[in-house]
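Sequence order for the protein chains is A and B. Position 249, counted from 1, in the first sequence is what our numbering calls 644; the numbers after and before it change by one each time, with no gaps. Position 162, counted from 1, in the second sequence is what our numbering calls 557; the numbers after and before it change by one each time, with no gaps.
Calculated directly from the structure, the hints in this document are not laboratory data. No experiment lies behind these values; they were computed from the predicted model shown. A portion of the hints provided could be inaccurate.
[Stated by the list, open to error] Each computed DMTMM-like pair below joins lysine to aspartate or glutamate, with the alpha-carbon atoms no more than 25 Å apart: (1) Lys501(B) to Glu436(A); (2) Lys442(A) to Glu524(B); (3) Lys497(A) to Asp561(A); (4) Lys595(A) to Asp463(A); (5) Lys679(B) to Asp463(A); (6) Lys501(A) to Glu564(A); (7) Lys679(B) to Asp423(B); (8) Lys468(B) to Asp569(A); (9) Lys497(B) to Glu524(B); (10) Lys679(A) to Asp463(B); (11) Lys468(B) to Glu526(A); (12) Lys468(A) to Asp569(B); (13) Lys442(B) to Glu524(A).
[What the hints assert, rightly or not] Short derived list, chain A residues pointing at chain B, Cβ under 10 Å: (14) Gly608; (15) Ala615; (16) Pro675.
The beta carbon of each residue, even a glycine, is placed where N, CA and C say it ideally should be.
Listed below are the residues making up each chain.
There are 2 protein chains.
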Amino acid sequence: MQRRFSFLGPSGTNTEEAARYLFREESDAFLPCRTIPDCMEAAVDGKVTHAVVPWENSLEGSVNLTLDWMIHKVNLPILAEVILPISHQLVSARRPERIDYKEVTKVMSHPQGIAQCHNFLRDYLPHAEIEYTSSTAESARIVSEHPNEPWLGICPMQAVYSYPVDLMEANIEDSSEHNFTCFVVVSNNPLELPESDMHKTTILVTLPSDFPGALHQVLAAFSWRRLNLSRIESRPTKTGLGNYHFVIDIDHKMDDILMPGAFAEMEALGCQIRVLGTYPVYLKAETSK
Amino acid sequence: MQRRFSFLGPSGTNTEEAARYLFREESDAFLPCRTIPDCMEAAVDGKVTHAVVPWENSLEGSVNLTLDWMIHKVNLPILAEVILPISHQLVSARRPERIDYKEVTKVMSHPQGIAQCHNFLRDYLPHAEIEYTSSTAESARIVSEHPNEPWLGICPMQAVYSYPVDLMEANIEDSSEHNFTCFVVVSNNPLELPESDMHKTTILVTLPSDFPGALHQVLAAFSWRRLNLSRIESRPTKTGLGNYHFVIDIDHKMDDILMPGAFAEMEALGCQIRVLGTYPVYLKAETSK
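With the rest of the complex left out, here is chain A (with noise of 0.2 Å):
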């Protein structure tokens, strides 16, 4: 079968850049999605065979609505993460001479790239006037799109791909900021992946019901096996106030032995498991500055 990937959009997301990292198909297999749902969506529906969605520490999309809509909406596992820096690019549109700082008018892009890049933007542009975009790629098309303007973008380094820009700066980010983004690729169809020697599982787990303590019972069936936990978020479970899921996230891959006597003896306590994905996990590495 012919792989097929869908992303958040638009063209040129870190999203993006984290699908073309573990897939090296050609442009043609990548889907820009406007929603983490509609990602989702298209590899229920069969348009696409693997959808790529924000997963973390995301500046696209809300990760709250990636695993509200797996544990609510759709029954795919996570069949992979891909964790990337995150850097960030200054661009303007293509343009016959490099245009000064002192010209620029306006720099764009998602609030929060705009704070990862504090400093340069205090130290070379203070004069400019901010604006936000609703994704750090979308700051590169909208400068794509006004060559006349003196203005710029602070996007990923997909987005110099994806738009006709010139790339200014490259990694302007504060570098106090050690940041990470992470996506997971999900479906139910298989996926064939090179391998990797860090591996997750992330399970949903539905207290048995509101006591004092409850989580800390869950929890020791993980700690005196020393199985590691690298996340743990509670969720409402739309029953109501005041109850909750939790999705927690365990340093090691399914086997035979730990795993399933922690899973046994949670239930044991009256906890409901769903497992929602055992996964290889790849870690591009840091851009160097």
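Let chain A serve as the given structure and place chain B on it in line with the hints.
Below, chain B alone, put in the same frame as chain A:
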């Protein structure tokens, strides 16, 4: 001091509804801001006395942005939480006669607003095109500005008051959804509020190092004191992958014995603790359907 409140705009958002539910000042006391960071910066800069921002399960803006900004950028304690039921209103531009559903060509709202009204849209407006807007309130603004187009918006009740629109159907959300959304008031200025019988304390816990079971030990400090936790969420520390803070909501106000005892025990384990706020919670009654 005259009170003034920033909120995540545009006018008519659930965030504005939360602000006006808690504070009964005149309209000019409420300042819409374009982003969550802008809301909080307005409180830091003294443009307003208090900021109202999304806190959980939001249709507006990224709740992670609220948390990250509070953890890394501003030092504004949480002074109150407001919980609203989520309900969706179907609106048209003001017109002399009610528009027939058959004539409607487009329905606009935020992707989650559209998703939460799935049954109504399937039953009454299956022929209409769906267009996504950046917030549910934004759909009311766009509809009101195009009175000659056969378009409808799905928006909060607050937007029905904020824009020149006609309410066509009230509370069209799928009845299976018992959905709530939460907001917090943050500021360094004191705040006089009515009594409440619900209180929470929110803390940020930084674990000493990434060792298996660390979180389990932290939770034990609460568990044996029978202090109930209603939320726990891991957030990256930004010092590198695999390092996490935990944001924990405790269903108690700060006291003289139990809470300081739990904190001292966690600090003895090597954890750093920062109290993000200890505050009353206000729950608006659900609208009848």
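Hint-by-hint comparison with the structure:
no.	hint	verdict
1	Lys501(B) to Glu436(A)	holds, 20 Å
2	Lys442(A) to Glu524(B)	holds, 19 Å
3	Lys497(A) to Asp561(A)	holds, 17 Å
4	Lys595(A) to Asp463(A)	holds, 19 Å
5	Lys679(B) to Asp463(A)	holds, 23 Å
6	Lys501(A) to Glu564(A)	holds, 16 Å
7	Lys679(B) to Asp423(B)	holds, 23 Å
8	Lys468(B) to Asp569(A)	holds, 14 Å
9	Lys497(B) to Glu524(B)	holds, 12 Å
10	Lys679(A) to Asp463(B)	holds, 23 Å
11	Lys468(B) to Glu526(A)	holds, 20 Å
12	Lys468(A) to Asp569(B)	holds, 14 Å
13	Lys442(B) to Glu524(A)	holds, 19 Å
14	Gly608	holds, 4 Å
15	Ala615	holds, 6 Å
16	Pro675	violated, 15 Å
Checked against the numbered hints above, the structure breaks only hint 16 and satisfies the rest.
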